[in-house]
Structures are given as C-alpha cells and as structure tokens.
Amino acid sequence: MAEVLVVTSGKGGVGKTTSTAALGAALAQAGQRVVVVDFDVGLRNLDLVMGAERRVVYDLINVVQGDANLNQALIRDKRVDTLCLLPASQTRDKDNLTQDGVDRVMDQLRGMFDWVICDSPAGIERGATLAMRHANVAVVVTNPEVSSVRDSDRIIGLLDSKTLRAESGGRIEKHLLLTRYDTVRAERGDMLKVDDVLEILSIPLLGIVPESPEVLRASNLGTPVTLSDATSAPARAYSDAARRLMGQAVPMNVPSDKKGLLGKFFSRRAA
Amino acid sequence: MMTETLPSRKAVRLRGRSFLALVLSPELPFRDWLAQLDDLARRSTGFFLGRPIVLDVAGLAITREQLADLLAELTKRNVRVMGIEGALPSILGPGMPPEMKGGRAAADIEAPDTADMAPAAKAQAESATAARFAPPPVAASLVIDQPVRSGQSIIFPEGDVTVLGSVASGAEVIAGGSIHIYGALRGRALAGSAGNPSARIFCRKLEAELIAIDGLYKTAEDLDPKTLGQPVHVWLDDTVLKTAVLGN
Numbered sequence: 001m002a003e004v005l006v007v008t009s010g011k012g013g014v015g016k017t018t019s020t021a022a023l024g025a026a027l028a029q030a031g032q033r034v035v036v037v038d039f040d041v042g043l044r045n046l047d048l049v050m051g052a053e054r055r056v057v058y059d060l061i062n063v064v065q066g067d068a069n070l071n072q073a074l075i076r077d078k079r080v081d082t083l084c085l086l087p088a089s090q091t092r093d094k095d096n097l098t099q100d101g102v103d104r105v106m107d108q109l110r111g112m113f114d115w116v117i118c119d120s121p122a123g124i125e126r127g128a129t130l131a132m133r134h135a136n137v138a139v140v141v142t143n144p145e146v147s148s149v150r151d152s153d154r155i156i157g158l159l160d161s162k163t164l165r166a167e168s169g170g171r172i173e174k175h176l177l178l179t180r181y182d183t184v185r186a187e188r189g190d191m192l193k194v195d196d197v198l199e200i201l202s203i204p205l206l207g208i209v210p211e212s213p214e215v216l217r218a219s220n221l222g223t224p225v226t227l228s229d230a231t232s233a234p235a236r237a238y239s240d241a242a243r244r245l246m247g248q249a250v251p252m253n254v255p256s257d258k259k260g261l262l263g264k265f266f267s268r269r270a271a
Numbered sequence: 272m273m274t275e276t277l278p279s280r281k282a283v284r285l286r287g288r289s290f291l292a293l294v295l296s297p298e299l300p301f302r303d304w305l306a307q308l309d310d311l312a313r314r315s316t317g318f319f320l321g322r323p324i325v326l327d328v329a330g331l332a333i334t335r336e337q338l339a340d341l342l343a344e345l346t347k348r349n350v351r352v353m354g355i356e357g358a359l360p361s362i363l364g365p366g367m368p369p370e371m372k373g374g375r376a377a378a379d380i381e382a383p384d385t386a387d388m389a390p391a392a393k394a395q396a397e398s399a400t401a402a403r404f405a406p407p408p409v410a411a412s413l414v415i416d417q418p419v420r421s422g423q424s425i426i427f428p429e430g431d432v433t434v435l436g437s438v439a440s441g442a443e444v445i446a447g448g449s450i451h452i453y454g455a456l457r458g459r460a461l462a463g464s465a466g467n468p469s470a471r472i473f474c475r476k477l478e479a480e481l482i483a484i485d486g487l488y489k490t491a492e493d494l495d496p497k498t499l500g501q502p503v504h505v506w507l508d509d510t511v512l513k514t515a516v517l518g519n
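Chains A and B, in that order, are what the protein sequence lines are.
Residues in the first sequence are numbered consecutively from 1, following the numbering used here.
Residues in the second sequence are numbered consecutively from 272, following the numbering used here.
Isolated chain A (complex conformation) (with noise of 0.2 Å):
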C-alpha cells in the first residue's frame, strides 16, 4: 500500500514546495514510483519547481471535477521516470477542492505509486485540511525562527486530530524538517539551535538542510534541487532524508559546503 505524505507548515515561504520537490526527485531516483500533488490551487508553484509548468494541460481540479481523468492530468518527469506530477490549478479558487472529489483522486493515486506526496499550502484552512486529510506521514517543514515553530506547532495539533487517521483513533507519523538552516548564525544565537526547536515541537527530526544559494538556483531552474547538483549540501540532506523516510538508518549531520565545517558531525539518529 501506497505511503501519503503531506509536506505542511502552516507558515508560508519555509520552503514547503521545495522539498516537495526534493524529497520526492530523490524518493524516485532511489527507483520508488512517486508521485507529487499540488494542493495550493489558485497559487500554484509546484509545476515551476519541477520545470513542468509548460506541460500543464489539465490539474487537480479538472480531475476533482471529473472532466479529465488522471492520467491526462499525470505529467511524467523528463529527468527520472519513475516520477509524476499532479498539478493544481491557478485560476479556480480552493472551494473547487470538495472532499469526495479529494477522496476519490487519492485513492486512486494509491493503487498507481508507492508514495504519493501532497505539497500542502500555507494556512490552516481548507486547502491545508485536504492536504493532510489522507496523509499517514507527515514531514514538517519548519525554518529556525519562533514564528515558524509556533506555527509547526498547531499544524501538529491539526495533523493529530483533522486527519482520517487521527479521526479513526489513529496516530499520524510526524518527521521534522528543518530547513534553511545556518550553524553559523544558531551558534552566534541569531538562530534558534536544533535542539530547541526539537525541544518545542518533540516530534523526530527528519533532516537538517543548510541555507544555500544552491536552493534558489535549482528553483529557478525548475529543477529539484536532488537533481540539480547531487553533491550540493541541500541536496545531500534532502537524499538523507528521503533515505531515512524509506526506514534506513541515516546519521544526522548538517551537510555543509564549507570546507572546515565537515567536522560538525551531531551524532543523533533520525526515529
């Protein structure tokens, strides 16, 4: 059976659609069926990550609505071929998104990949709600700042009581995903340290991945940034943590491209 993960935040501009992006590129390069869902309709920006924004024919409203079938909507990646994007729509508004048509387009999605990726708006609202709806993993993305972490914070409440599994007795799995981060900056106390955030929020880190132009390049390349450049260090984190969401055993470490900061080595392991 198929793993739903939501990628969510609550916080916009934390880099949700990013490592989307990433986790999903490396999911398939590790030769998973994957498939990435865009949830923010009416500001959609998955497409551009993935550099697939001049293939959109039909979307996730389209399919919701039953005037296209999934695969018309489906759009396979030129780079990895295991790889698929669900696309959202940028002119219809989220009340497009009803929930039987949600249900009914992730159960299929089930029965088609192994993992199924759900890039969740910002927001605790309706678009945020269906996104987590079917998720049974969740990864949190959270940059090192109080307001981000606060937001984090609710969003776990919300995923462990708005989605089907927590509405059936059930426990969602939470990861958390700690982007942008700079140990430079947390050392100097300009940033909140990991293990304050771990602190707060007590759910597993999933990853630590370092602030880095390289982020931006690949974006605006529309390329994922695991594609882009494997050797960057975002995009060795993101491959770490897209190892450790497959149940392997990954040490944790800030991946760096600075010579000399190699050696910060945190010898915690991901739950």
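Keep in mind that the hints were calculated from the coordinates and are not lab data.
Only pairs whose alpha carbons sit at most 20 Å apart, straight line, appear in this in silico EDC-like list of lysine to aspartate or glutamate:
hint, chain 1, residue 1, chain 2, residue 2
1, A, K193, B, E478
2, A, K78, A, E53
3, B, K513, B, E478
4, B, K476, A, D196
5, A, K94, A, E125
6, B, K476, B, D493
7, A, K162, B, D416
8, A, K11, A, D160
9, B, K347, B, D310
10, B, K476, A, E199
11, B, K476, B, E492
12, B, K489, B, D508
13, B, K347, B, E298
14, B, K476, A, D195
Listed below are several chain B residues computed to face chain A (Cβ distance under 10 Å; list not exhaustive):
hint, residue
15, G436
16, S437
17, A442
18, R457
Across the chosen pairs, the derived CB separations fall in these ranges:
hint, chain 1, residue 1, chain 2, residue 2, range
19, B, G436, A, M246, 25 to 33 Å
20, B, G330, A, D182, 54 to 62 Å
21, A, E199, B, D508, 28 to 36 Å
22, B, D509, A, R126, 49 to 57 Å
Heads up, the beta-carbon is just placed ideally off N, CA and C, and yes, glycines get one too.
Please arrange chain B on chain A, whose structure you already have, making use of the hints.
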C-alpha cells in the same frame, strides 16, 4: 433543623439551616421519564406544588441544551427546581438553578397515591435523616499524555489537569482545580477558573505567556525574571499571585 449558628456581635446574623428537599433523579431518555412523572402527577394532584425540588443528574451523560430542555419541561409542569446536584460545571448555564453540594441521603419518599399522604411521607423522611453523611466526592482530574500544541485549548472546570508534556506558546489550559505541567509551560495556564483560590499551578519550566488563579493573572512581563526557565510553583496568597522556584 438548625445545624450551625455563627457568633456575631451586633451586625448581620448569618445562620445555616438545612431543609429537606425532594430529589428527582431523571433517567434517559427524558421523554419516557417525563411521561412517568406526568402519570405520577395525575394520580396525586399538586404533589410537587410548593415543594423544594433538587434535580439529581449525577451519572447522566447530557449536554447543557438537554438540561435546559428538561428544566423547561419541568417548569411547564409546575415543578420548581431549586438546585441541581451532580452536574458537571460545564453543563450548568447562566439562569439555571444553582449547583447543590454536600447533600445527605434521607429515606426514599414514597410516591403518594393521594395528595394528602404527603405530610406523612415527609415526617417519615425527616426521621430517617439520621445524618448519614455521604462519602466525600472524589475530586475529578484530567490527564493529558501528550504535548498541548499551539492553538489547542484544554478546558476542564471539574477539577485538576495534569499534562505529561509541554504547553506550547499559543495554547491554553483552563482548570477548575490545580494545573500540573510535567514539561515547559510556554502558553497560558488558568487554574481555579470556577472560583477556587486554593488552586495552584506547577510546571517543570516556566516560560508562560500568562498564568492565573481564580481570575488573578500575571503576564510574562510581570513574572519574576528569577523564576523564568525554572521549575515553578504558583499560588494565591490572599489577593496576591505568588511564584516560587521549586526545590529551593
């Protein structure tokens, strides 16, 4: 029956006195129970007239709306409820009869066949009062075995709340009794919310946005900086909210 007289010099005299009231214990579904009550009232006209009635709803899983409906139905039947026993504070709304506590059991009163049997029943009940004290009520408590997340609100007017984890910034815990937090308190904790000045707050690490006992509150700004980040105990000394570091 006079139970207590407070000594007074010349001012207002306050005295306690206990009375015998009829206790009605409704059963679910209320519709059937009300039908039985109607039947009883038909057999003995005026049985409830002028009698103090206490409604015992202990053990009934009902909402505030259901209780309000029941009270309205009883009023229609000229049954005047002077108090409610055994109700969770959360289902008692404004305008409802007050909560009754510390009732002592008396003998059951036989439902009369005719109205004029009532005085006899009353006498029998009074003699049987025999001051048999009911066991003291068990204090209610609520245990939350996970962190309280931002935006979540734990409201428990019935008693104490214990949290095995942290209370996040933007979360709140409101308890009728004391609050125990085995983690960091970063949000709000309001103890003794139903008017209980002896309620207290304990937490393993104080980083609260607001603490309050019985309506007296302090925001983060007013907290003693020495207590911040420490295991702390909060209590009410007369009308002053006091904090102290635990284990010193």
